[in-house]
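There are 2 protein chains.
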Amino acid sequence: MLFKQLFEPDSSTYSYLIACPETGECAIIDPVLDTVERDLGVLQSLGLKLTYTIDTHIHADHLSGARRLKAMSGSKIAYPAIDELPCVDIGLEEGTAFKIGKIELQPLFTPGHTDHHHAYLIHTPVHQMLFSGDALMIDGVGRTDFQSGDSKTLYNSIQQKFFTLPDETLVYPCHDYEHRQISTIGQEKKRNKHIGEKSLEEFIEIMDGLNLPYPRKIDFAVPGNQQCGECPENIPEEYRGPCEKYDQGH
Amino acid sequence: MLFKQLFEPDSSTYSYLIACPETGECAIIDPVLDTVERDLGVLQSLGLKLTYTIDTHIHADHLSGARRLKAMSGSKIAYPAIDELPCVDIGLEEGTAFKIGKIELQPLFTPGHTDHHHAYLIHTPVHQMLFSGDALMIDGVGRTDFQSGDSKTLYNSIQQKFFTLPDETLVYPCHDYEHRQISTIGQEKKRNKHIGEKSLEEFIEIMDGLNLPYPRKIDFAVPGNQQCGECPENIPEEYRGPCEKYDQGH
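So the sequence lines, in the order shown, correspond to chains A and B.
In this text, residue positions in the first sequence follow our numbering: the first is 1, and each later residue adds one.
In this text, residue positions in the second sequence follow our numbering: the first is 1, and each later residue adds one.
Because the hints were derived from the structure by calculation, they are not lab data.
Among the hints, erroneous ones may be present.
Claimed, not checked - Partial pick of chain A residues on the chain B-facing surface, computed with a CB cut under 10 Å: (1) P21; (2) L85; (3) C87; (4) D89; (5) P125; (6) V126; (7) S183; (8) R191; (9) G196; (10) S199.
Claimed, not checked - Below, in silico cross-link-like pairs of lysine-lysine (PhoX-like), each with a Cα-Cα straight-line distance of 20 Å or less: (11) K190/A with K76/B; (12) K76/B with K102/B; (13) K4/A with K189/B; (14) K189/A with K4/B; (15) K217/B with K189/B.
Here the structure is a predicted model, which means the values were calculated and not measured.
We put the CB at the ideal spot given by N, CA and C, even for glycine.
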């Protein structure tokens with residue numbers, strides 16, 4: 001398995017390139033519109049052609065690169081099936097593995113940050129890697145105060161779907177704001193400041209007290225991502241840069 | 001490959017169990033005397049018999065479990081060859097891979113924390129794992145004020161032997177004092193508070209200013225570890241617990 005972690009600095013988003021060397025198929029989990037050209041350059045340097053993009057949820061803090069990558073490379077768009085987005089080529093759901101060549105990705109339905117959020121797990125004797133999206137991050141969790149977010153639901157998702165995995169399982173989140181790149185299930189169970197060794201009641205109290213600012217891109221990112229990363233009409237001038245390069249005809 | 005990270009809380013030491021499922025051979029990197037019974041229990045629960053212990057250096061903060069594990073399970077003791085310890089069965093040196101069944105461990109001569117320190121690298125298309133010992137830790141480095149430690153030497157070891165590895169390489173350190181379990185080369189290059197994006201001069205200044213306390217076990221741990229984890233005569237009463245269970249005849 002070929003693997004690369006890619007970073008988009010404006011929204012502090014990690015995208016993940018996963019490729020099967022035997023078949024040449026490859027996917028990017030949570031690509032960002034702003035870094036589509038960079039990602040295609042990485043693929044080219046590795047001699048790969050993008051087969052799929054896969055999103056964990058409808059992001060509110062950046063525009064997905066899914067639609068643009070499809071236009072530029074012919075990749076198919078995979079999203080949680082529950083979102084029922086017309087722009088999606090492949091619906092993913094828990095219980096049905098998604099294959100990137102010979103690599104099996106297990107979707108895990110993990111609502112709470114959003115009501116349709118899915119994480120993706122590679123669990124073989126050789127690799128145990130969790131792409132935790134915005135559900136579980138390094139020393140934190142995704143906010144639950146927008147997009148049908150619900151703290152109790154997120155607590156249960158993390159406890160039941162993530163914290164039951166082996167401690168050694170590698171955790172690759174969708175974001176980190178302090179340039180951390182990786183964690184493990186054991187580490188987050190022990191020391192995550194929001195949910196590590198916390199009761200449901202403690203977790204809800206912590207989440208209720210976060211007082212986070214209004215997400216600066218949510219008003220255009222959510223409608224844009226409901227179209228798999230289209231640039232919507234109402235996008236403010238300061239965020240138009242990545243959109244202007246994008247041929248809206250695709 | 002079967003892999004487990006094991007923790008000894010008194011010295012905050014991580015030991016690493018690596019096993020080759022094809023041959024059944026297995027090793028523990030940096031085992032601790034205090035947790036020998038726990039480690040043997042883990043091995044038993046996995047149906048494994050210990051083949052090797054491997055140390056990264058002569059530790060000053062805990063007694064190695066190498067000698068005791070040999071006595072209890074028949075494992076062979078591997079240490080950096082440069083230490084020339086009479087108790088060692090297998091001398092390791094950079095340039096010669098050490099095989100745990102079909103798994104190849106590459107010793108990397110990385111002095112600076114001690115003058116004989118070696119890290120161990122697994123670098124295959126499937127796994128890139130660095131067991132960085134006390135040279136590189138998560139958001140820090142090993143102290144350089146004892147045991148022939150030298151800041152300039154450590155800086156060069158990390159820059160030349162570690163920071164030239166791919167960013168995705170997983171970093172498994174010998175210690176963490178905040179229950180963090182893992183990092184990557186990319187993360188440490190970017191944000192390690194001692195050496196990340198620091199010049200040699202900045203690094204030396206940081207290391208010179210650490211003002212760390214005198215290592216509480218060094219006076220017995222170093223002579224004990226020069227015998228691969230023998231309990232020396234001068235061990236203070238409060239640290240005798242793990243020694244009293246140990247049959248000194250072995």
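Which numbered hints fail: 2, 3, 4, 10, 11, 15
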